[in-house]
Amino acid sequence: MNQIQPMSHAFPIPMDEEGRIEALRQLEILDSPTHIRFDRITRLAASLLGTPMCAISLVDSNRQFFLSHHGFDVSETPRDQAFCNYVITDQEPLIVTDASFDDRFKHNPLVTGDFHLRFYAGVPITNADGHSVGSLCVLDREARDKGLNDAQITVLQDLASVVMNEMTARLENRQLVLEVERAELLTTALEKEKQRAVEASQHKSEFLANMSHEIRTPLNGVIGLAEILSETALDHEQRDYLDTLLASAESLLGILNDVLDMSKIEAGQMNYEELEFDLAKEVEKVATILANKATNTAVDVMLEIADDFPSQCLGDPTRIGQILFNLAGNSLKFTEQGVVVIRLDAPRRDRIRLQVEDTGIGMSDEEVGRIFDKFTQADSSITRRFGGTGLGMAIVSQLVEAFEGSIDVASSPGRGTIVTVELSLQFINDTPRRLCRLPASLKDCRVLVIDDLELNRTIIERMLSRAGAIVEVVADGYTALSQLDNAWLSAKSFDVILCDDLMPGMTGASFVRQFKKQAMPIPVIVLTSAGLTADLKEVGPDRVLSKPARAHQVIPAIAEVVEQCRERYPTTTLVAPSNTMKKPATDELPLGGLSILVAEDHRTNQLVIEKMLHALGARSVIVSNGKKACEKVVGSQAFDLVLMDIQMPVMDGIEACQILRTEESGRDLPIIALTANALEGDRERYLYAGFTGYCPKPIRRSMLVSVIQDSLGLALES
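Under my numbering, the final residue of the sequence shown carries the number 726; numbering is consecutive throughout.
Wrong hints could be hidden among the right ones.
[Stated by the list, open to error] Listed next, the in silico DSSO-like pairs over lysine-lysine satisfying Cα-Cα at most 27 angstroms (straight line):
#, residue 1, residue 2
1, Lys524, Lys545
2, Lys705, Lys500
3, Lys500, Lys451
4, Lys114, Lys154
5, Lys545, Lys525
6, Lys635, Lys524
7, Lys640, Lys619
8, Lys451, Lys545
9, Lys524, Lys500
10, Lys500, Lys525
11, Lys636, Lys619
12, Lys525, Lys705
13, Lys705, Lys635
14, Lys636, Lys705
15, Lys619, Lys635
16, Lys289, Lys341
17, Lys640, Lys705
18, Lys640, Lys525
19, Lys524, Lys636
20, Lys619, Lys525
21, Lys636, Lys525
22, Lys705, Lys619
23, Lys524, Lys705
24, Lys640, Lys524
25, Lys293, Lys341
Quick caveat, the hints were computed from the structure, so don't treat them as lab data.
Hey, can you work out the whole structure from these sequences and the hints?
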């Protein structure tokens, strides 16, 4: 066993030292062999906080024992060398940025010796009675001037709670085994009582086995999101990932505490707080956590909060959140595709109503009658297929009863489930939550919503209408493209598009890619539960927002992208002619000396344009589609100007123009759009697409000369 030699140096002693040592002894954990569960926690803490070393340190009367250590080989030290002494005495986090400059530790052999400890950050591991038996700490042989931020300290504290719960669970399991062994020694006269004890033991053992499985799931979530977080830039997206990371850690603690909660409820020892809080925000947090959990599924998590819901309540936000998390988490677990909708309203002043609706597997009446039993699910196949302990709904039932509430379940096999919970809750006042509205400058903003799920469309339409928008909804991208074209041609274009990402047929990314070919200056916002995927990065929508859609998130985003678009593409804006555009070689004819490429597929129109240009003094080359026009311009032949028809086979005029603008030979080349569309807004549409000018059909000689002269930057007399 590797040890470091003792030193003579004073260290602080906790006031509850005797009770603390007794609490440590009762855990029966000292000198136990290393265990994979504790090793996972130390590896996880080191990974999350970016340190090379981490340890679970337990302090008895004369030594510091490392229950698990990551990144070093020392298994114990004399107590007088333990930084942990200050943690268990103060029962507060201890951050030492550079131990070599700290009077408490600069002479410590761990600092001066080969171990070369410089940075230490530890939080207490405390039992239910308030005794700190040790610490969870991260270490580094390099000083860290910045120490840890508040969020990192919170992560370390959460993991320390996991350590204590795991130690307690191991002790309870050992005690359970001893009870079973004693039961087997009972006489024949106590056979029935022994049998009942064995059955109870079996239930508990099965529960502990399920708990072991459930622990791994949120741990995977913590590790996976930590990896994602490490690869993102320092922007608002990173903050979303961090919030989700912490929420996953809290979910892990919630699973471990389910047993304790149930035992407290049954014993009448559950404590309920009375705090002033915003219930709607708490509900939004739960919805966001579950939406992130559903990232890789075919399920949308939606949120609908009544407009008149009060802003402040008085009660226990943790327990109400626990009720909702269990209900909505169950719905998400048993829904393979479709939606999980969370609704919140207040049927009267002292009553709230939480409703969770899903499109999941549903239940029969018999199964509904069993869901509130402890350690019970509809049948054993559900446990094998979906997992779970069977405690969640039992805890919900007990908590609802504590809030003098009621719970109703409506379900049928294959058609989903609706769970409605009403709770007694006091409101601070009747002032409703402040609704997000569009600014006055965007009054009657026209929004096109694209979502394949009718329920989603309804919820988003209500939210946007309340904000002052004019909303139209469609079920798929193909219909949306047609709707956008029709709206543009009727001079009633939309101001912004709100599009779901994960849709069958045409995804949000595919829609954005196709829509950009329409060359309409309309911003696109994509709603997704999968984050900024590679496909979305490639097509580049104006904004990507995470689900569920929340008014305080969606409305400001709409206002921002619409105002930016209006500033960039006002309807009166003209494209300034390039300084590189050439002047005709002679003034004898209006277009004398110009070489013009004409892209037009209709033979009669080709003839008319060719004769007209010849009469005006220009030389012309005729091609029948946009692809050939690109080949001519990119090739060796030089042109002063291009007349480009919009509607052509093989490649239309808009796509050809956009391709030419990416080429050196076409970047500053004047390109004029020829089109039979002559409605309000068409000119701006083509200028936005990259054209220099616009000439409607039928082509008039005076109009053609004027557009060409303007495009060349000349002020010639008509």
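Satisfaction of hint between lysine 545 and lysine 524, Cα-Cα up to 27 angstroms: holds (14 angstroms)
27 angstroms Cα cutoff - pair lysine 640, lysine 705: Status holds; Cα separation ~24 angstroms.
Agreement of lysine 619 and lysine 525 with the hint, judged by alpha carbon distance not exceeding 27 angstroms: Violated, because 32 angstroms separates the two Cα atoms, which is more than 27 angstroms.
Distance restraint between lysine 114 and lysine 154, which requires alpha-carbon spacing of 27 angstroms or less: Within the cut-off at roughly 19 angstroms; holds.
Holds or violated: lysine 524 to lysine 500, with C-alpha atoms at most 27 angstroms apart: Judged against 27 angstroms, a Cα distance of about 19 angstroms means the pair holds.
Given pair status - lysine 524, lysine 640, alpha carbons within 27 angstroms: holds (25 angstroms)
Straight-line alpha-carbon gap lysine 705 to lysine 635, limit 27 angstroms: Between lysine 705 and lysine 635 the Cα gap is close to 22 angstroms, so the pair holds against 27 angstroms.
Hint consistency between lysine 293 and lysine 341 [alpha-carbon to alpha-carbon, up to 27 angstroms]: Answer holds: lysine 293 to lysine 341 is near 18 angstroms, not above 27 angstroms.
Lysine 289 paired with lysine 341 [C-alpha distance capped at 27 angstroms]: holds (23 angstroms)
27 angstroms limit on alpha-carbon distance, applied to hinted pair lysine 640 and lysine 619: Since the Cα atoms of lysine 640 and lysine 619 sit roughly 21 angstroms apart, the hinted pair holds (cutoff 27 angstroms).
27 angstroms limit on alpha-carbon distance, applied to hinted pair lysine 525 and lysine 705: holds (22 angstroms)
Restraint status (C-alpha distance of lysine 500 to lysine 451 at most 27 angstroms): holds (15 angstroms)
The structure shown violates the earlier hints numbered 8, 20.
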